[in-house]
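Peer 1: In case you want the letters, here they are:
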Amino acid sequence: MIEEYVPLALYPVASASNSLLSQIGVFLALFAAMVQPVPPKPNASDFANDYKIYEQELEDDVTWRYIFGFTFVMIVIGIIGLTLFVKYDTPKFYLT
Amino acid sequence: MSNDDFSKSPNFRGKSAELESISHRPRYCNIVVFITVVCSISLNTNYISSELTQIKDLLEVKLNWDEETGSRNYEFLQAIFYVGACIGALIAGRIIVYGRRKALWYTLIILAVYGLLTQIMNFWAILFARLIAGFG
Chain A
1 MIEEYVPLAL
11 YPVASASNSL
21 LSQIGVFLAL
31 FAAMVQPVPP
41 KPNASDFAND
51 YKIYEQELED
61 DVTWRYIFGF
71 TFVMIVIGII
81 GLTLFVKYDT
91 PKFYLT
Chain B
1001 MSNDDFSKSP
1011 NFRGKSAELE
1021 SISHRPRYCN
1031 IVVFITVVCS
1041 ISLNTNYISS
1051 ELTQIKDLLE
1061 VKLNWDEETG
1071 SRNYEFLQAI
1081 FYVGACIGAL
1091 IAGRIIVYGR
1101 RKALWYTLII
1111 LAVYGLLTQI
1121 MNFWAILFAR
1131 LIAGFG
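Note that the protein sequences, when read in sequence, are chains A and B. The numbers in my numbering rise by one with no breaks, and the one at position 86 of the first sequence is 86. Position in the second sequence counted from 1, then plus 1000, gives you my numbering.
Simulated from the structure, these hints should not be mistaken for lab results. Mixed in with the good hints, there may be bad ones.
As the list claims (entries may be wrong) - In the DSS-like style, the derived pairs of lysine-lysine whose C-alpha atoms are separated by at most 25 Å in a straight line are:
id, chain 1, residue 1, chain 2, residue 2
1, B, K1102, A, K52
2, A, K41, A, K52
3, A, K52, B, K1062
4, A, K41, B, K1102
5, B, K1102, A, K87
6, A, K87, B, K1056
Stated by the list, open to error - Example chain B residues on the side facing chain A (calculated, C-beta under 7 Å, incomplete):
id, residue
7, S1040
8, T1069
9, A1085
Unchecked claim - Calculated from the model, a selection of chain A residues having no Cβ within reach of chain B, i.e. all distances over 10 Å:
id, residue
10, S22
11, A33
12, Q36
13, K41
14, A44
15, D46
16, F47
17, D50
18, I53
19, G69
20, T71
Using N, Cα and C, we set each Cβ at its ideal position, and we do this for glycine too.
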């Protein structure tokens, strides 16, 4: 699919960019753990109480909106790019 | 393929201006467009496939899952994305003949719907959203 959207001369850069951004996507998804409440350690002295506090923190937490909403923000950027820059179809489509 | 064949191609007819425009586009423009549009889809697809791994506890609390059904529902949410991807792969070939630009539009719209649907913290909404995200 990638080679259809860019000239052959740019294919190596485009392919590498695509792989890089795919992995950044996975990284950002895993990074979501950093913005959530920290779970208690299982060997903590008052684990039961700590876990109740943790559950309450999760109940009040709103970061899930940002975690799920990140997709929407990125897609809006993609839609703007598609609307402003991609006026025509790929040359291969026109020629086949 | 000769020049005559190009002009006979059903997609090519009346599109010489478009091809002319593409051929004169600066190189940096192509890579910016590519990263903005195509790579954002790759980024989001991988993000969506991995995002649930970090919010299992949050889903358990928010959706009132008990220990027994929690794991099952969570695995179901993970798996449904790939079910959608299988269905999407079967249908993609039929959609792409209408144009790569249209295919990109459909994908972006589907992923935007995913982003909106998941703002409802409901099991069935997230399930449906992940199914169509996989499809996209």
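Peer 1: Work down the list of hints and note, for each, if the structure agrees.
Peer 2: We went through each hint and held it up to the structure:
1. K1102/B to K52/A: The given pair, whose Cα atoms are some 50 Å apart, is violated under the 25 Å limit.
2. K41/A to K52/A: Distance of about 13 Å is within 25 Å: holds.
3. K52/A to K1062/B: Satisfied, since the Cα-Cα distance of roughly 14 Å is no more than 25 Å.
4. K41/A to K1102/B: The given pair, whose Cα atoms are some 50 Å apart, is violated under the 25 Å limit.
5. K1102/B to K87/A: holds (11 Å)
6. K87/A to K1056/B: Violated - the C-alpha atoms of K1056/B and K87/A are around 41 Å apart, more than 25 Å.
7. S1040: holds (4 Å)
8. T1069: violated (17 Å)
9. A1085: Cβ of A1085/B sits 14 Å from chain A, so the hint is violated.
10. S22: violated (5 Å)
11. A33: Incorrect as stated: the minimum Cβ-Cβ distance to chain B is 4 Å, not above 10 Å.
12. Q36: violated (6 Å)
13. K41: holds (14 Å)
14. A44: Consistent with the label, A44/A stays out of reach of chain B, its closest Cβ about 16 Å off (over 10 Å).
15. D46: holds (19 Å)
16. F47: holds (15 Å)
17. D50: Check passes; 13 Å lies beyond 10 Å.
18. I53: Non-interface label on I53/A holds, nearest chain B Cβ at 12 Å vs cutoff 10 Å.
19. G69: Since the minimum Cβ distance to chain B is about 6 Å, G69/A lies within 10 Å and the statement is violated.
20. T71: Label violated. Min Cβ-Cβ 4 Å, cutoff 10 Å.
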